[in-house]
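Novice: The primary structure of each chain is shown beneath.
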Amino acid sequence: MKKEGIVKLISAEGFEFVIDKKAAMVSQTIRNMLTSPGSFAETELGEVTFPEISTTILEKICQYFYWSMQYASGKETEFHIEPELTLELMMAANYLHT
Amino acid sequence: MSNPQKKRNFQIEAFKHKVVVDPKYADKTWKILEHAIHEIYNHNASGLSFEELYRNAYNMVLHKFGEKLYSGLVTTMTAHLKEISKSIEDAQGGLFLEELNRKWNDHNKALQMIRDILMYMDRTFIQSTRKTPVHELGLILWRDNVIYSSKIRGRLLDTLLELVLRERTGEVINRGLMRNIIKMLMDLGSSVYQEEFEQPFLEVSAEFYKGESQKFIECCDCGEYLKKAERRLNEEMERVTQYLDAKSEAKITNVVEKEMIANHMLALVHMENSGLVNMLLDDKYEDLGRMYNLFRRVTNGLSTVRDVMTSHIRDIGKQLVTDPERLKDPVEFVQRLLDEKDKYDKIISSAFNNDKTFQNALNSSFEYFINLNARSPEFISLFVDDKLRKGLKGVSEEDVEVILDKVMMLFRYLQEKDVFEKYYKQHLAKRLLSGKTVSDDAERSLIVKLKTECGYQFTSKLEGMFTDMKTSQDTMQGFYTSHPELGEGPTLTVQVLTTGSWPTQPSVTCNLPAEMSALCEKFRSYYLGTHTGRRLSWQTNMGTADIKATFGKGQKHELNVSTYQMCVLMLFNNSDRLSYKEIEQATEIPTSDLKRCLQSLACVKGKNVLRKEPMSKDIGEDDAFFVNDKFASKFYKVKIGTVVAQKESEPEKQETRQRVEEDRKPQIEAAIVRIMKSRRVLDHNNIITEVTKQLQSRFLANPTEIKKRIESLIERDFLERDNVDRKLYRYLA
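One line per chain: the protein sequences are H and Z, in this order.
Counting in this note's numbering, the first sequence runs from 1 upward without gaps.
Counting in this note's numbering, the second sequence runs from 99 upward without gaps.
No lab work stands behind these hints, which were simulated from the structure alone.
Some clues are possibly wrong.
[As the list claims (entries may be wrong)] Calculated cross-link-like contacts (lysine-lysine; reagent style DSSO-like; alpha-carbon spacing at most 30 Å):
id : chain 1 : residue 1 : chain 2 : residue 2
1  : Z       : K207      : H       : K22
2  : Z       : K207      : H       : K8
3  : Z       : K568      : Z       : K620
4  : Z       : K207      : H       : K21
5  : Z       : K129      : H       : K8
6  : Z       : K705      : Z       : K693
7  : Z       : K654      : Z       : K710
[What the hints assert, rightly or not] Take a look, some chain H residues computed to stay more than 12 Å from chain Z by CB distance:
id : residue
8  : E13
9  : G14
10 : F17
In this text, all values refer to a predicted model and were calculated from it rather than measured experimentally.
In this text, a Cβ means the ideal position worked out from N, Cα and C, and glycines have one as well.
Given only the sequences and the hints, what does the whole structure look like? Please build it.
Specialist: Here is the structure:
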């Protein structure tokens, strides 16, 4: 079911993260998915499946989206990243163009 | 994950997470993408997963299959475009552009989707291999496969140009479609727009307007032609805003300007019965304004208009100032000049945008022709005289100022300002002495204007005249207070004039009647008693008198006459008949003045208080005069006209001229000495230039006269010639 203003991100394991569209669009890739002129499945349904991103990482990514928006609006805080997540997070960032 | 603000960007080596086992991996993945591209072109994208396609493209690039992806894209897209091109070629007649436009929109949309899917390739592979990015690639492929297709290229241009032509001939075309197609050409790059459309468009337009202007110039008058040209120009500008590139505006207007205006400029300006001269004559502000605005756009346009206007004004002005008919009435003459000036001022302000260069042209034209007539200074002064005597009665102060300002404007054009001063002094003197001036304020206002224009020196004498008038009033009061016994009998009013300030003539004093001369003597002793060291001489030629006369049937009149006339009339208190000789002997009035005075007393109908034998228009030396007992007038007060402030007769003019020349000599000499004092040594030509420049504000010095003055100064040891170079003069201290 599609709702305006929010988007559902699904991890490899099938976990669903429902977040603000605005936050998701911090990622250039997701932005393109949701705004591309053609009616891709993602645009129609308002949900995106990432078969190569695990739940842990996707959760961290969603946290990053919100942190990034705050940061952009002038609230300077640290974004904590657990060392063991670093590598996978990097790969996801490259993929999502964040 | 990168943190954009804190530069925590780690560089990541290509991550080799999955070693590709399947050798067909690349082909398989590409098949999926190729299929997607087909689907996109077929408007079937809704089933596709963006994420999946993106991930596939991402992985292909990561696994070093970027090249395969890129070349696959080029091939697939080219194939699609060839198909599209075919369908556009097949479109019939009018549908051609619409099909082209529709396909272009499709392609654009597809291109954007493809670019989004292949974004990762755009970001990494294309950047590192310096290939053309996807979007640009799509445009280039479109250009090469569609626009440059041999069956489309020429047809597209022809269609566009034909549509423009149809619109020019008044048809309504689909401007939106036009705008889209033109925008497509611009999207493909400004060089595509220029080559595929703009250049040929300009050429065709030039041809079109060349033909049209030829047709118009043969069948339209100038005003009509300009109207059409203006409309065409506006149409082209509108066309640009409607569907062309904004940069084309200057180019296309240039074409119209050149073909419709620049090439026909002279023909238009000189067009018979409707050209510039006719517009000026008929005050066609609208047409003139249009001409100004159109001609302003082309080189030399305005100067052409200005030159024609200048020569026209000069012609008209020359006719005006040299027409002997006009010279009969100085007031009318000056009024005509002012009217002419008003007319052109209005044209310049309402049609020529108050253009400074036009105003200058107008001024120089006036200066040119006003000075063609040597009597202009005199006439302008007479005009002022007329206005200040009677013309300003009942006119508000502001209007007076307006008239005076206009007079000053004409005055500025005069080269011989000193001649004007001479006449103005004479006329002012007559006005003041006869008490004829209407408004003291107006008189003073004009003096102030002259002062600001020419400096203190110019008006000091004129101001002196006003001071004399004021002082004389006080003197007369003092005189009558100290002689209370003079209440009875004739009243004497004396105006004491400072020699030098007034234009006095060395006049022969006439014999005043006994009553008057006694009174004059009393005044003389009173005046000299209060002011020692002065000399009084009587200027009887300038005075006036009011006398009461009783005629045959007892009718009483008060006669307002000149002093001379008074002297003559008083003689008739003692005798009924006097011959010319007797009058001359008794009064000792100079011959010419006496004749004129008798003429105005005896020969003017309605004012003939004297009767003369024999009856004739002129006064002869053998005539005899009687009191005209039958004199009748419906007014109690009768003014006997003296010949005042009329145009000068020929000998008088000569005399004034001579006086002016005489007055100039010291001024020229002073200028030479001033210049030489500072320069010490100067050659002949430079002296002439400098002197002319210094005296310009007063008059135009004649070079021969300057030369004469230099010689006179050499004779008097102010200057000497250089021993070696005879053209060089030295100042001797």
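Novice: Failing hints, ascending?
Specialist: Violated hints: none at all, because every hint is consistent with the structure.
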